[in-house]
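**Student:** What follows is each chain in one-letter form.
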Amino acid sequence: MRYFYYPGCSMSSSALEYDVSTKAVLGELGAEVVEVEDWTCCGASTAETVSFLLSLVLPARNLALAERMDGDGDFLVGCSACYTNHCKVGEHVKRDPRLLDKINAALSIEHLTYTGKVRVRHLLDVLANDFGPEAIAARVKRSLSALSVAPYYGCQIVRPYGLCDDSEYPTTMDEVLAATGAEVFPYAMKVKCCGGVLMTTKKDVALRLVGGLLQAAKGADCIVTVCPLCQMNLEAYQGDVSRYMGEDLHIPVLYLPQLLGLAFDLPREKLKLERNMASPRPVLDKLA
Amino acid sequence: MTQEILDLTAPTLDRSFLVALAPDEKLRTCIQCGTCTASCASAYAMEYTPRQMWRMVQLGLKEEVLNSKTFWLCSTCYSCSVRCPRGIPLLETIGALKRMAIAERIGPYKESINFYRAFMDVVRRYGRVDELEFMTRYFLSTNIFSIIGYVPLGLAMLMHGKVTIKGGLRMAPRLVGISGAGRLDALFRKVEELEAEQ
Ligand code: SF4
Ligand code: SF4
Numbered sequence: 001m002r003y004f005y006y007p008g009c010s011m012s013s014s015a016l017e018y019d020v021s022t023k024a025v026l027g028e029l030g031a032e033v034v035e036v037e038d039w040t041c042c043g044a045s046t047a048e049t050v051s052f053l054l055s056l057v058l059p060a061r062n063l064a065l066a067e068r069m070d071g072d073g074d075f076l077v078g079c080s081a082c083y084t085n086h087c088k089v090g091e092h093v094k095r096d097p098r099l100l101d102k103i104n105a106a107l108s109i110e111h112l113t114y115t116g117k118v119r120v121r122h123l124l125d126v127l128a129n130d131f132g133p134e135a136i137a138a139r140v141k142r143s144l145s146a147l148s149v150a151p152y153y154g155c156q157i158v159r160p161y162g163l164c165d166d167s168e169y170p171t172t173m174d175e176v177l178a179a180t181g182a183e184v185f186p187y188a189m190k191v192k193c194c195g196g197v198l199m200t201t202k203k204d205v206a207l208r209l210v211g212g213l214l215q216a217a218k219g220a221d222c223i224v225t226v227c228p229l230c231q232m233n234l235e236a237y238q239g240d241v242s243r244y245m246g247e248d249l250h251i252p253v254l255y256l257p258q259l260l261g262l263a264f265d266l267p268r269e270k271l272k273l274e275r276n277m278a279s280p281r282p283v284l285d286k287l288a
Numbered sequence: 001m002t003q004e005i006l007d008l009t010a011p012t013l014d015r016s017f018l019v020a021l022a023p024d025e026k027l028r029t030c031i032q033c034g035t036c037t038a039s040c041a042s043a044y045a046m047e048y049t050p051r052q053m054w055r056m057v058q059l060g061l062k063e064e065v066l067n068s069k070t071f072w073l074c075s076t077c078y079s080c081s082v083r084c085p086r087g088i089p090l091l092e093t094i095g096a097l098k099r100m101a102i103a104e105r106i107g108p109y110k111e112s113i114n115f116y117r118a119f120m121d122v123v124r125r126y127g128r129v130d131e132l133e134f135m136t137r138y139f140l141s142t143n144i145f146s147i148i149g150y151v152p153l154g155l156a157m158l159m160h161g162k163v164t165i166k167g168g169l170r171m172a173p174r175l176v177g178i179s180g181a182g183r184l185d186a187l188f189r190k191v192e193e194l195e196a197e198q
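As they're listed, the protein sequences go chains Z and L. In this text, residue positions in the first sequence follow my numbering: the first is 1, and each later residue adds one. In this text, residue positions in the second sequence follow my numbering: the first is 1, and each later residue adds one.
Just so you know, these hints were derived from the structure itself, not from any lab. It cannot be assumed that every hint is accurate.
[As the list claims (entries may be wrong)] With the C-beta cut set under 10 Å, the calculated list includes, among others, these residues of chain L facing chain Z:
1) S42
2) S75
3) M159
4) F188
5) V191
This one's a predicted model, so the numbers in the text were calculated from it and none came from an experiment. From the three backbone atoms N, C-alpha and C, an ideal C-beta is built for every residue, glycine too.
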């Protein structure tokens with residue numbers, strides 16, 4: 001299977017460990033991953049505060065670049081915010097076909113055309129549906145049965161469109177995790193918001209939201225995420241959150257492909273666990 | 001919860017507020033069920049809950065809504081949007097509120113406005129966002145002292161190799177003023193032209 005991979009800004013800088021482990025796991029599963037040439041920022045949740053049209057044109061530019069590449073393939077995204085932004089283009093054009101002309105009028109300045117022929121896929125969607133739990137289980141060299149893992153989906157992978165899983169009670173990550181032998185922790189907060197950008201603009205509100213997420217994960221050995229922003233909010237502020245909530249809420253937080261990489265026994269430099277800000281040591285000790 | 005009495009005979013009511021924000025006018029069909037508020041993780045910190053805000057939009061209380069922090073506290077989680085029994089695209093309307101507040105330069109939420117502006121400046125200039133550069137730009141634009149609260153995080157990120165100080169001192173001139181052609185200047189300008197045509 002072939003994918004046009006869009007790393008996005010976070011995965012090519014602060015969340016490089018997600019990028020590297022994603023490519024390693026997909027490689028192990030036999031996928032062909034080609035990076036979209038000359039991609040640019042999708043506008044995050046910010047472009048729409050400047051202009052609605054810009055919030056569609058920025059992701060459409062990347063999709064148009066993928067359409068221009070050789071061969072067939074889906075547009076693969078690891079960051080949930082980037083994923084929703086790229087899905088948004090097709091969803092809006094479906095609702096209002098006149099938008100297509102406007103988007104292309106803007107893209108003409110870069111000699112690009114967007115038609116919508118490339119399908120947008122999230123990493124989790126690809127792992128769960130293109131490969132599936134059986135293919136994943138078949139690659140497991142080290143069972144994770146010693147671990148209880150809380151699957152954190154977050155918001156923008158399942159909302160608003162719910163294209164790859166249920167918006168209220170998704171289960172695909174549970175299935176992928178179970179395939180590694182891990183016990184799936186019953187995680188009631190799996191789709192509650194981590195505060196996203198509020199961690200920078202309104203920290204006390206975000207600390208409380210993350211506090212709730214970490215409290216609900218008590219009893220699990222780690223939390224697993226599929227988005228750099230979720231990962232950052234869950235792992236980087238655990239000291240602040242513990243003080244704010246008045247209890248120790250430290251817990252390892254791993255990206256899904258990092259955990260799969262442990263199960264596949266991939267070389268450590270492909271997982272880059274030393275970059276995780278909440279120490280993954282307790283997880284590694286349990287598996288040792 | 002305290003009740004606030006709003007004067008609906010006030011001359012400041014703006015009846016065109018709703019249409020300006022949500023041209024499809026679906027917002028008129030809101031039944032005030034409160035599902036949006038119940039779904040909203042940051043509602044507790046808002047001065048008007050989402051349900052209250054939507055009613056205020058219907059009534060044309062433009063000044064009150066735009067001067068509130070309610071919509072700046074939205075974390076774009078889409079919970080209200082997927083649960084609203086009327087199928088109103090609520091988050092799109094929140095996006096329109098942010099645009100209107102920024103365009104009309106109202107609202108008490110300088111941090112958010114600076115954050116969004118600094119981010120888009122970097123996108124326009126470089127095409128991609130280098131997080132360290134962006135955060136520096138953002139903190140410089142707000143209150144230089146606010147950066148102190150993030151220093152421990154910055155150091156931890158350096159230690160984990162999450163940020164690198166690329167080019168060292170070369171950063172300084174890049175941060176001072178944006179001049180010359182940006183990577184996405186032409187595209188941004190074209191979008192501005194197209195939007196002006198409407
Ligand atoms: S959920 Fe929808 S219908 Fe119910 S109060 Fe909110 S906006 Fe109105
Ligand atoms: S999208 Fe915004 S307003 Fe709606 S529930 Fe989420 S945080 Fe609240």
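**Student:** Does each hint hold? Answer for all of them.
**Tutor:** Against the structure, the hints come out as follows:
1. S42: holds (5 Å)
2. S75: Interface hint status for S75(L): holds (4 Å vs cutoff 10 Å).
3. M159: holds (9 Å)
4. F188: holds (7 Å)
5. V191: Holds. Min distance 5 Å.
In this structure, every one of the numbered hints holds.
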